[in-house]
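We have chain L; now place chain S onto it with these hints.
Going down the list, the sequences are from chains L and S.
Letter 293 of the first sequence, counting from 1, is numbered 293 in this note's numbering, and no numbers are missing.
Letter 145 of the second sequence, counting from 1, is numbered 145 in this note's numbering, and no numbers are missing.
Some hints here could point you the wrong way.
[Unchecked claim] Straight-line Cα separation of at most 30 Å, DSS-like style, residue types lysine-lysine; simulated pairs:
no.	chain 1	residue 1	chain 2	residue 2
1	L	Lys362	L	Lys8
2	L	Lys269	L	Lys164
3	L	Lys362	L	Lys70
4	L	Lys328	L	Lys8
5	L	Lys164	L	Lys70
6	S	Lys182	L	Lys362
7	L	Lys362	L	Lys328
8	L	Lys328	S	Lys52
9	S	Lys52	L	Lys8
10	L	Lys164	S	Lys182
11	L	Lys164	L	Lys8
[What the hints assert, rightly or not] Which residues of chain L face chain S? A partial, calculated answer using Cβ under 8 Å:
no.	residue
12	Phe26
13	Pro38
14	Ala155
15	Arg246
16	Pro250
17	Pro429
18	Glu458
Hints are computed from structural coordinates only; laboratory data are not their basis.
Here a beta-carbon is modelled for each residue, glycine too, at the ideal position from N, C-alpha and C.
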Amino acid sequence: MAETLFHKVWNAHTVRTLPSGQTQLFVGLHLVHEVTSPQAFDMLRQHGWRVAFPERTFATVDHIVPTDSKRRPFLDLMAEEMTTALERNCREFGINLWSADSPDQGIVHVIGPQLGLSQPGMTIACGDSHTSTHGAVGAIAFGIGTSQVRDVLAAQCLALEPLKVRRIEVNGRLAAGVYAKDVILTIIRRLGVQGGNGFAYEYGGTTLDRMSIDERMTVCNMSIEGGARAGYVNPDQTTFDFLRGRRFAPQGDAFDRAVAWWKQLASDKDAVYDDRVVYDAASIEPTVTWGINPGQSVSVSESIPGDADPEALAFMGFTRGTRVRGTKIDVAFIGSCTNGRLSDLEEAARIVRGHHVAPHVKALVVPGSKEVARDAEARGLHEIFMEAGFEWRGAGCSMCLGMNTDRLQGQQVCASSSNRNFKGRQGSPTGRTLLMSPAMVVAAAVAGEVADVRQMLEQGVPA
Amino acid sequence: MSAGPERITRISGRGMPLRGNDMDTDRIMPARYLRVVSFEGLEDHLFEDDRKTNARHPFNDPRYAGATVLVVNENFGCGSSREHAPQGLVRYGIRAIVGESFSEIFLGNSAMLGLPCFSAEHAAIDELQSLLAATPTLIVEADVETGVVTAGTLRVTATVPQAFRDAFLSGQWNATLMLLDKFDEVRTVANHLPYVSGF
Numbered sequence: 001m002a003e004t005l006f007h008k009v010w011n012a013h014t015v016r017t018l019p020s021g022q023t024q025l026f027v028g029l030h031l032v033h034e035v036t037s038p039q040a041f042d043m044l045r046q047h048g049w050r051v052a053f054p055e056r057t058f059a060t061v062d063h064i065v066p067t068d069s070k071r072r073p074f075l076d077l078m079a080e081e082m083t084t085a086l087e088r089n090c091r092e093f094g095i096n097l098w099s100a101d102s103p104d105q106g107i108v109h110v111i112g113p114q115l116g117l118s119q120p121g122m123t124i125a126c127g128d129s130h131t132s133t134h135g136a137v138g139a140i141a142f143g144i145g146t147s148q149v150r151d152v153l154a155a156q157c158l159a160l161e162p163l164k165v166r167r168i169e170v171n172g173r174l175a176a177g178v179y180a181k182d183v184i185l186t187i188i189r190r191l192g193v194q195g196g197n198g199f200a201y202e203y204g205g206t207t208l209d210r211m212s213i214d215e216r217m218t219v220c221n222m223s224i225e226g227g228a229r230a231g232y233v234n235p236d237q238t239t240f241d242f243l244r245g246r247r248f249a250p251q252g253d254a255f256d257r258a259v260a261w262w263k264q265l266a267s268d269k270d271a272v273y274d275d276r277v278v279y280d281a282a283s284i285e286p287t288v289t290w291g292i293n294p295g296q297s298v299s300v301s302e303s304i305p306g307d308a309d310p311e312a313l314a315f316m317g318f319t320r321g322t323r324v325r326g327t328k329i330d331v332a333f334i335g336s337c338t339n340g341r342l343s344d345l346e347e348a349a350r351i352v353r354g355h356h357v358a359p360h361v362k363a364l365v366v367p368g369s370k371e372v373a374r375d376a377e378a379r380g381l382h383e384i385f386m387e388a389g390f391e392w393r394g395a396g397c398s399m400c401l402g403m404n405t406d407r408l409q410g411q412q413v414c415a416s417s418s419n420r421n422f423k424g425r426q427g428s429p430t431g432r433t434l435l436m437s438p439a440m441v442v443a444a445a446v447a448g449e450v451a452d453v454r455q456m457l458e459q460g461v462p463a
Numbered sequence: 001m002s003a004g005p006e007r008i009t010r011i012s013g014r015g016m017p018l019r020g021n022d023m024d025t026d027r028i029m030p031a032r033y034l035r036v037v038s039f040e041g042l043e044d045h046l047f048e049d050d051r052k053t054n055a056r057h058p059f060n061d062p063r064y065a066g067a068t069v070l071v072v073n074e075n076f077g078c079g080s081s082r083e084h085a086p087q088g089l090v091r092y093g094i095r096a097i098v099g100e101s102f103s104e105i106f107l108g109n110s111a112m113l114g115l116p117c118f119s120a121e122h123a124a125i126d127e128l129q130s131l132l133a134a135t136p137t138l139i140v141e142a143d144v145e146t147g148v149v150t151a152g153t154l155r156v157t158a159t160v161p162q163a164f165r166d167a168f169l170s171g172q173w174n175a176t177l178m179l180l181d182k183f184d185e186v187r188t189v190a191n192h193l194p195y196v197s198g199f
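So here's chain L without its partners, still in its complex pose (with noise of 0.2 Å):
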């Protein structure tokens, strides 16, 4: 029977149907990082559990770790503790840890496609609900709490019910100025933030078939704002030539066979969906969030609608009809699991070469891990961005969610290319943000202001 890639993927994980009826689903690879784990560590000393499988299992420091110095021990002493805790941790259970100190330390997100843990046919957890980025190399990946944790810790297995597939097909090309990032904006603006639950999104489309994968895991990682629990992308070759040769990655003849069932995976073309939704991806513009969810957004030549919701517009101090570009900012940030690849920093770079930074905009770059830090600085991006006004940190979550020390002030605007618009996200409960690509908070940064960036574009950009 022709099947998606989540039905066989699901059904190859299934261990038994427990008495409650859920899924008894075994995950092949479990992410641990410093925030959501040390109660469950806590939790299995507690029982004496042991942890069931720790060769599937790898941790890294990302939420709190400073990113201005990683010298030991950290001046943030709650960072020097979380991050203490997991060390020990990790050596109690036998875990394998990139802490502050390796070269493989980054967001969790990044660094498990980077290395080539994150492969096709796989189901990955971790605590942490943007684990639906890995989703992009065609695996079935879930965020879950902390109990959760503590249970793939102690069994490999989570207790889960099935979810609905629905199909979003982009098709066509996407214009100069138009990215990964309102593509997705403009999915959970459509389908609304609470439109996926109880789905798997599954990407596609010729849209989908052109981008890389780092553009794909843009996409995946913002499935859990529009309520999708999981996102994920067929594998094709695309996928199979990103994780050739990554060190996690199957080697030799190995890789071939993998190939081969990588290829079995992919949803079958006459695959029946519970949904199927198709966009043009000429009608996706520039886009930009106004409200205090990701699915309060315009483009970036629109205003604001009629029938926007007053707490949202109160907060942020926007009214209706107005347009969002021309609003001042404050800070501009690069970075985290949504947009903090190299490949996000080389658009940024390219096109915030030759200008600067607006003198009161306050403007961060953070790589998404040490690897794409040192990417990025072989490349000479750094000094581009640094010549340009913004500050070039080390890698980590930052102000994605304001848990070290960046953080917004008062109700300091920030265009962000994060992941949410929260009140109080970036860690100033007044703080506003402003939710964009890299390359639209580029021309935030230097207009000071919303602005577009296909008009910096067409004021001619080197290639």
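Below, chain S without anything else, positioned relative to chain L:
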């Protein structure tokens, strides 16, 4: 949290109406309170930023002190997977949430803590919220098996997702022991996966 089995069949207590759609987990538990290695004391920081700017926030209102049933609107608990949000609510004393809809991760995290989430239609939730705002001393009763939620003369038909409902009723809402129960089968499934066996 204990590993059960503790059957959860019926929740009875005073209710607290908390109005608003898309109440995300950053609002329920701001990220700065995730700078901890235990869940202890999180109940003191529930909705902290909202409470500071709104003296009349339900969690500030002494009339609702001691409430055990929280009544919310659409897409409650969206966003981050932080268990710190439902942990804070449970530690505060919330024993059931009745609302229009819930984010899936929040729903699952809550179930793992023995906190049932009941879903009902907008009109019914709105009426329940208004009733509790007018009479905060009213006792709300929520029945996990039937999904019926009552307060005074109001009777709301709600649902708890079936798998969670069965887990609450049988006392098996904390899954770890079940997952460890047939561990040979876990090994068998793992060994059949090409990426586990090295292709």
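To see whether the hints hold, each was checked on the structure:
no.: 1; hint: L/Lys362 to L/Lys8; in the structure: violated, 47 Å
no.: 2; hint: L/Lys269 to L/Lys164; in the structure: holds, 17 Å
no.: 3; hint: L/Lys362 to L/Lys70; in the structure: holds, 21 Å
no.: 4; hint: L/Lys328 to L/Lys8; in the structure: violated, 49 Å
no.: 5; hint: L/Lys164 to L/Lys70; in the structure: violated, 43 Å
no.: 6; hint: S/Lys182 to L/Lys362; in the structure: violated, 55 Å
no.: 7; hint: L/Lys362 to L/Lys328; in the structure: holds, 12 Å
no.: 8; hint: L/Lys328 to S/Lys52; in the structure: holds, 27 Å
no.: 9; hint: S/Lys52 to L/Lys8; in the structure: violated, 49 Å
no.: 10; hint: L/Lys164 to S/Lys182; in the structure: holds, 27 Å
no.: 11; hint: L/Lys164 to L/Lys8; in the structure: holds, 13 Å
no.: 12; hint: Phe26; in the structure: holds, 5 Å
no.: 13; hint: Pro38; in the structure: holds, 4 Å
no.: 14; hint: Ala155; in the structure: holds, 4 Å
no.: 15; hint: Arg246; in the structure: violated, 13 Å
no.: 16; hint: Pro250; in the structure: holds, 5 Å
no.: 17; hint: Pro429; in the structure: holds, 4 Å
no.: 18; hint: Glu458; in the structure: violated, 36 Å
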